[in-house]
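Protein chains: 2
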Amino acid sequence: MTAPKYDVIAIGNAIVDVMAPCEDALIEELGLNRGGMTLIDTEGARRLYEAMGPAREISGGSAANTLAGLAALGAKCAFIGQVADDQLGEVFSHDIRAAGIDFTTPARADEPPTARCLIFVTPDGQRTMNTFLGASQFLPPAALDETAIADAAVLYLEGYLWDPEEPRSAMRRAIGVARAAGRKVAFTASESFVIERHGDDFRSMIKAGLIDILFVNESELATLTGEPDFEAGLAQLAPDLPVLVATRSEKGAVALMGGIRGEVAAEPIAKVIDTTGAGDLFAAGFLSGHVKGESLENCLTRGAVCAAEVISHYGARPEADLQELVAKRLG
Amino acid sequence: MTAPKYDVIAIGNAIVDVMAPCEDALIEELGLNRGGMTLIDTEGARRLYEAMGPAREISGGSAANTLAGLAALGAKCAFIGQVADDQLGEVFSHDIRAAGIDFTTPARADEPPTARCLIFVTPDGQRTMNTFLGASQFLPPAALDETAIADAAVLYLEGYLWDPEEPRSAMRRAIGVARAAGRKVAFTASESFVIERHGDDFRSMIKAGLIDILFVNESELATLTGEPDFEAGLAQLAPDLPVLVATRSEKGAVALMGGIRGEVAAEPIAKVIDTTGAGDLFAAGFLSGHVKGESLENCLTRGAVCAAEVISHYGARPEADLQELVAKRLG
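Chains as they are written, first to last, in this note's numbering: chain A, 1 to 331; chain B, 332 to 662.
Possibly wrong hints are sitting among the right ones.
[As the list claims (entries may be wrong)] Cross-link-like lysine-lysine pairs, in silico, BS3-like; alpha carbons within 25 Å at most:
id : chain 1 : residue 1 : chain 2 : residue 2
1  : B       : K659      : A       : K271
2  : A       : K271      : B       : K602
3  : B       : K659      : B       : K623
[What the hints assert, rightly or not] Distance windows between CB atoms, simulated:
id : chain 1 : residue 1 : chain 2 : residue 2 : range
4  : A       : G182      : B       : K602      : 43 to 51 Å
5  : B       : E558      : A       : T42       : 51 to 59 Å
6  : A       : T42       : B       : G405      : 28 to 36 Å
7  : B       : G367      : A       : P106      : 35 to 43 Å
8  : A       : P106      : B       : R660      : 52 to 60 Å
9  : B       : D355      : A       : R329      : 25 to 33 Å
10 : B       : L361      : A       : E50       : 34 to 42 Å
If you are wondering where the hints come from, they were derived from the structure by calculation, not from laboratory data. Just so you know, even glycine gets a beta-carbon here, dropped at the ideal spot from N, CA and C.
Build out the structure end to end from the sequences listed, making use of the hints.
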């Protein structure tokens with residue numbers, strides 16, 4: 001087998017984040033799910049946008065953010081996701097391509113518009129996300145570039161996108177393509193509500209050995225395993241997963257790989273500005289080391305460095321030179 | 332005469348800024364006018380956007396930025412400007428209204444799209460602006476809310492918008508409405524190229540006493556007066572202007588009002604991140620004091636504080652609490 005063209009190809013939501021600072025009182029007043037991700041419809045988007053302060057728009061989407069981190073770290077990446085043929089679709093497409101990521105999924109001509117996520121950031125840096133999925137949920141299996149998937153060392157899938165039907169079919173098909181080509185499949189659980197709705201799918205895929213690398217946070221691990229105890233949750237999943245990475249916010253992260261256990265503390269930072277993208281960039285850092293065959297410890301440190309960078313400013317895409325930060329930290 | 336409904340009503344470009352950091356080499360490679368503002372067409376916008384790195388979108392427009400500062404400082408404001416009926420138009424409209432500014436100019440249904448300004452920010456914080464004017468240049472005189480103009484203490488006009496024909500007619504009409512209602516007219520020269528093209532208009536309006544407050548920077552002052560010497564330029568204009576404010580970047584600013592001269596140094600800041608909006612926010616600070624009848628010195632200090640805030644982060648709209656910053660500085 002020749003070296004793959006891509007280190008990582010990802011399928012994910014193609015979203016533009018609309019971000020604004022807000023006071024805690026507004027979160028309560030609007031009845032938002034503080035710190036979580038909630039799906040909203042057109043009317044919900046109108047209502048929340050009206051209540052939002054002056055905002056800024058920065059491309060987002062969980063898997064797309066991870067790729068932006070990977071590309072910044074020198075990995076060769078491609079993205080598959082659905083935008084509409086509109087201005088926000090142009091913004092998303094420009095930003096991901098400008099990050100050096102191949103993105104060729106054709107824009108969708110019809111309504112609904114490109115996905116946006118209305119993100120309210122409270123003074124503690126916590127983000128409360130409200131996603132209007134728009135075009136993103138209509139990614140059809142036919143839009144997959146199967147040649148590219150077969151030619152990527154890792155296929156990275158975003159759990160959020162397991163919820164809508166068409167992208168779920170597309171991702172199932174992509175897993176088949178990657179497997180047939182002897183590639184690895186990485187999956188990020190994204191959010192507990194996804195696991196509540198589709199936990200049986202995930203558990204059976206894990207049992208069937210279809211997932212090589214799983215990213216979860218503490219609460220997703222508990223939801224997925226039914227184990228409120230963190231260690232018990234890890235112990236339950238580990239036998240069926242070649243690589244299991246569990247992030248714990250300010251408590252750092254734990255990874256298990258082939259019987260080896262690694263742990264990393266969160267990187268100290270001056271001030272948490274906006275936690276949007278913390279998990280996405282942790283995954284980016286981890287995978288950037290993993291595809292190069294680095295030690296589990298190095299992979300975890302890379303993850304912690306990238307997560308720390310992204311929460312030190314607004315927006316879920318890296319701004320500082322990640323290669324330099326990682327090089328400095330790993331010495 | 333009863334107290335006016337608005338402190339300031341402004342007519343300006345309705346622009347969304349598309350901003351990205353870039354290295355100095357790219358400015359040269361693309362042949363950009365470093366530190367200046369250049370008008371670009373559809374093809375120019377396509378070419379530059381393609382060359383630009385991952386960006387963020389933040390509402391801009393010179394006079395609109397000034398109003399955002401004024402509103403943040405507690406002034407009652409209204410904006411008149413032309414967006415198209417598209418997503419960037421929604422972004423601009425949302426952001427200005429969310430800042431507490433009345434904005435009722437109807438969106439334009441046809442092509443071209445809403446204006447955007449592609450801003451390349453070099454490591455020294457200098458911004459190089461490339462503006463696709465789009466819908467903004469089609470602001471028709473009929474779109475003026477004349478009742479609102481007559482009911483504002485100050486009509487604030489943006490020089491950039493003097494260049495396209497329709498808005499120029501609209502602004503001439505607005506000056507007439509403001510004058511007839513006994514209101515003040517403030518004008519910002521915006522950029523030397525505007526003065527090169529329309530200097531005769533400006534000089535004759537100043538001579539005719541149609542402008543009460545003029546904002547210029549050093550190079551605009553030189554272009555307007557033909558005097559390379561700063562003091563000579565001031566001396567030439569001062570007799571015909573009730574208030575003349577000249578900003579000098581890191582050298583601070585000078586103002587002349589009814590024979591009184593005031594000066595202010597630039598506020599010290601930790602690091603210049605992005606100079607976009609420095610002049611706009613200086614004008615906001617100055618006017619916020621002027622409409623309250625504060626001393627020339629206080630008006631200048633307010634200007635310096637607001638300019639310092641906006642250049643300490645990306646984007647030309649204020650992020651910190653300007654009222655608090657001003658209160659702290661004025662004691």
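Against the structure, the hints:
Straight-line distance between C-alpha atoms of B:K659 and A:K271 comes to about 23 Å, which keeps the hinted pair within the 25 Å bound. Only pairs whose Cα atoms come within 25 Å are accepted, and A:K271 paired with B:K602 is accepted, the gap being roughly 17 Å. The hinted pair formed by B:K659 and B:K623 meets the criterion: a straight-line CA distance of about 18 Å does not exceed 25 Å. Look at A:G182 against B:K602: about 49 Å separates their beta carbons, and that is inside 43 to 51 Å.
Under the hint 51 to 59 Å, the C-beta atoms of B:E558 and A:T42, about 57 Å apart, fit the expected range. Against the hinted window of 28 to 36 Å, the Cβ-Cβ separation of A:T42 and B:G405 comes to about 35 Å, which satisfies the hint. At roughly 38 Å, the beta-carbon separation of B:G367 and A:P106 lies within the given 35 to 43 Å, and the hint holds. A hinted range of 52 to 60 Å holds for the C-beta pair A:P106 and B:R660, which are about 54 Å apart.
About 28 Å separates the C-beta atoms of B:D355 and A:R329, a value consistent with the hinted range of 25 to 33 Å. The beta-carbon spacing between B:L361 and A:E50, approximately 38 Å, falls within the hinted interval of 34 to 42 Å.
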